[in-house]
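**Q** Each chain, written out:
Number of protein chains: 2
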Amino acid sequence: MNSSNYPSRLLESAVKEFTRLPGIGKKTALRLVLYLLKQDKEVAFRFTDTIRLMREEIMYCQSCYNISDSSTCNICADTRRDKQLICVVESIRDVMAIESTQQYQGIYHVLGGVISPMDGIGPDDLTIVPLEEKLKDGLVTEVIFALSTTMEGDTTNFFLYKRFTKYNVPMTTIARGISIGDELEYTDEVTLGRSLINRLPFENTL
Amino acid sequence: MNSSNYPSRLLESAVKEFTRLPGIGKKTALRLVLYLLKQDKEVAFRFTDTIRLMREEIMYCQSCYNISDSSTCNICADTRRDKQLICVVESIRDVMAIESTQQYQGIYHVLGGVISPMDGIGPDDLTIVPLEEKLKDGLVTEVIFALSTTMEGDTTNFFLYKRFTKYNVPMTTIARGISIGDELEYTDEVTLGRSLINRLPFENTL
Chain A
11 MNSSNYPSRL LESAVKEFTR LPGIGKKTAL RLVLYLLKQD KEVAFRFTDT IRLMREEIMY
71 CQSCYNISDS STCNICADTR RDKQLICVVE SIRDVMAIES TQQYQGIYHV LGGVISPMDG
131 IGPDDLTIVP LEEKLKDGLV TEVIFALSTT MEGDTTNFFL YKRFTKYNVP MTTIARGISI
191 GDELEYTDEV TLGRSLINRL PFENTL
Chain B
11 MNSSNYPSRL LESAVKEFTR LPGIGKKTAL RLVLYLLKQD KEVAFRFTDT IRLMREEIMY
71 CQSCYNISDS STCNICADTR RDKQLICVVE SIRDVMAIES TQQYQGIYHV LGGVISPMDG
131 IGPDDLTIVP LEEKLKDGLV TEVIFALSTT MEGDTTNFFL YKRFTKYNVP MTTIARGISI
191 GDELEYTDEV TLGRSLINRL PFENTL
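So the sequence lines, in the order shown, correspond to chains A and B. Read in order, the letters of the first sequence correspond to residues 11 to 216 in the working numbering. Read in order, the letters of the second sequence correspond to residues 11 to 216 in the working numbering.
Here chain A stands alone, though its shape is the one from the complex (with noise of 0.2 angstroms):
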């Protein structure tokens, strides 16, 4: 679709910015932009406004790295939850999978990505001297590393582990295995093979 056959150049603005979104194409744009329009204007604002006023007032924990509507998040603020167990994560939306799971009762540190050169993320990017920070006073208790199961996340993972080392905290990984439902004919050799090195007491599983 040539530019010029947009008959508006308001239309066509705005269909750019909705491209520069991931995963939004000029097509997918365009029908977004023209339901906006047939919207009544306080409905279009209303979404434009939301999002304006999220993106300016949004705060981050400053204790988690969390997203949060004040400067401590509703987790670190949550006094049944258990501060001295630590829970790393890559992202907000790995802290929103795992709060949905209502397994974990610690809190958690939100890393702000992964270690990745190609991506020119290196340790200095994420929030790795708070987190390192947490572990000198000697008073938390474990710290688990909830990381992608990526070569980016493996490094981060790793290079965490080696540089908290001499803070003697016990440190573990979640486990990776078969998926709950899979089967065992389709899953990779890798997942497989780990998951028979890591076998667990059979009572365990129960």
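Some hints could be false.
Think about it this way: if two alpha-carbon atoms lie no more than 25 angstroms apart in a straight line, the pair counts; the simulated DSS-like pairs of lysine-lysine are [as the list claims (entries may be wrong)]:
#1 B:Lys-37 / B:Lys-26
#2 A:Lys-36 / B:Lys-36
#3 B:Lys-93 / A:Lys-36
So, partial list: chain B residues that the calculated Cβ filter (under 7 angstroms) puts toward chain A [claimed, not checked]:
#4 Glu-27
#5 Leu-31
#6 Pro-32
#7 Lys-51
#8 Ile-61
#9 Met-64
#10 Glu-109
#11 Gln-113
#12 Ile-190
Some residues of chain B that are not near chain A, with every Cβ distance over 12 angstroms (derived) [claimed, not checked]:
#13 Arg-19
#14 Leu-44
#15 Gly-130
#16 Ala-185
What the hints contain is simulated information worked out from the structure, not anything from laboratory work. The beta carbon of each residue, even a glycine, is placed where N, CA and C say it ideally should be.
Fit chain B to the supplied structure of chain A, relying on the hints for placement.
**A** Relative to chain A, chain B alone:
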């Protein structure tokens, strides 16, 4: 994903606004919002402000109801266009599709939809009266219907045909047939049947 899992109300409202758009689910909405959060404020604000401005200032051509930056669209304002040849389409997207073929030199009339009792859209919700006005002076040489080949499109087509017969203007519809590149054996019977009935002298297709 439980809504209580959102670490921030601002985030939750922004996600909710994105999910109102067609084809955007909760997971996609969250990905888009987190993307906008990662961008500089200026980038996020340019997104919201461009869309707000578009919704605020966009106009519709007073003659053909196409989207426009002024009260007369570029096509209607173009002196090289044949103003006596009117192509009736459902939406501005169809105008863009036909324009991109570069085969049409007349003007358009955007109906704003098709008659669809199921969706509560009757003739009065469309721009039928102003279209009729254009036919009254007897200057229009041809009206081309380019509506969808759906039941609603065909109904609308027939409705307009009956209503405009008295003006004695030639009315045509765009050809329906086998898409170029399609194989006969995979074409549905209705299309194949129609394309047989509406066969053309071979010379016309050269």
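**Q** A separate judgement is required for each hint: does it hold in the structure or not?
**A** Hints, one by one, checked against the model:
1. The hinted pair formed by B:Lys-37 and B:Lys-26 meets the criterion: a straight-line CA distance of about 11 angstroms does not exceed 25 angstroms.
2. Restraint check for A:Lys-36 and B:Lys-36: satisfied, since their Cα atoms lie roughly 21 angstroms apart, inside the 25 angstroms limit.
3. About 31 angstroms separates the Cα atoms of B:Lys-93 and A:Lys-36, which puts this hinted pair outside 25 angstroms; it is violated.
4. A cut of 7 angstroms between beta carbons decides the hint on B:Glu-27: the least distance to chain A is about 5 angstroms, and the hint holds.
5. Taking 7 angstroms as the C-beta cut-off, the interface hint given for B:Leu-31 holds, the closest approach to chain A being about 5 angstroms.
6. The restraint placing B:Pro-32 at the interface with chain A holds, with a minimum CB-CB distance near 5 angstroms, inside the 7 angstroms limit.
7. The interface hint given for B:Lys-51 holds, since its Cβ lies 6 angstroms from the closest Cβ of chain A, which is under the 7 angstroms cut-off.
8. For B:Ile-61, the shortest C-beta to C-beta distance to chain A is roughly 5 angstroms, which falls under 7 angstroms, so the interface hint holds.
9. The beta carbon of B:Met-64 is positioned within 7 angstroms of a beta carbon in chain A (closest approach about 4 angstroms), and the interface hint is therefore held.
10. The interface hint given for B:Glu-109 is met, as the beta carbon of that residue sits about 5 angstroms from the closest beta carbon of chain A, less than 7 angstroms.
11. Here the hint on B:Gln-113 is broken, as its CB sits about 13 angstroms from the closest CB of chain A, past 7 angstroms.
12. At its closest, the beta carbon of B:Ile-190 sits 18 angstroms from a beta carbon of chain A; the interface hint therefore is violated under the 7 angstroms criterion.
13. The claim that B:Arg-19 lies off the interface is violated: its Cβ sits roughly 6 angstroms from the closest Cβ of chain A, which falls inside the 12 angstroms cut-off.
14. With 12 angstroms as the threshold on Cβ separation, the claim that B:Leu-44 sits away from chain A is violated: the shortest Cβ distance comes to roughly 7 angstroms.
15. Non-interface status of B:Gly-130 relative to chain A is upheld: no Cβ of that chain comes within 12 angstroms, the nearest being about 14 angstroms off.
16. No Cβ of chain A comes within 12 angstroms of the Cβ of B:Ala-185; the nearest lies about 22 angstroms off, and the non-interface call holds.
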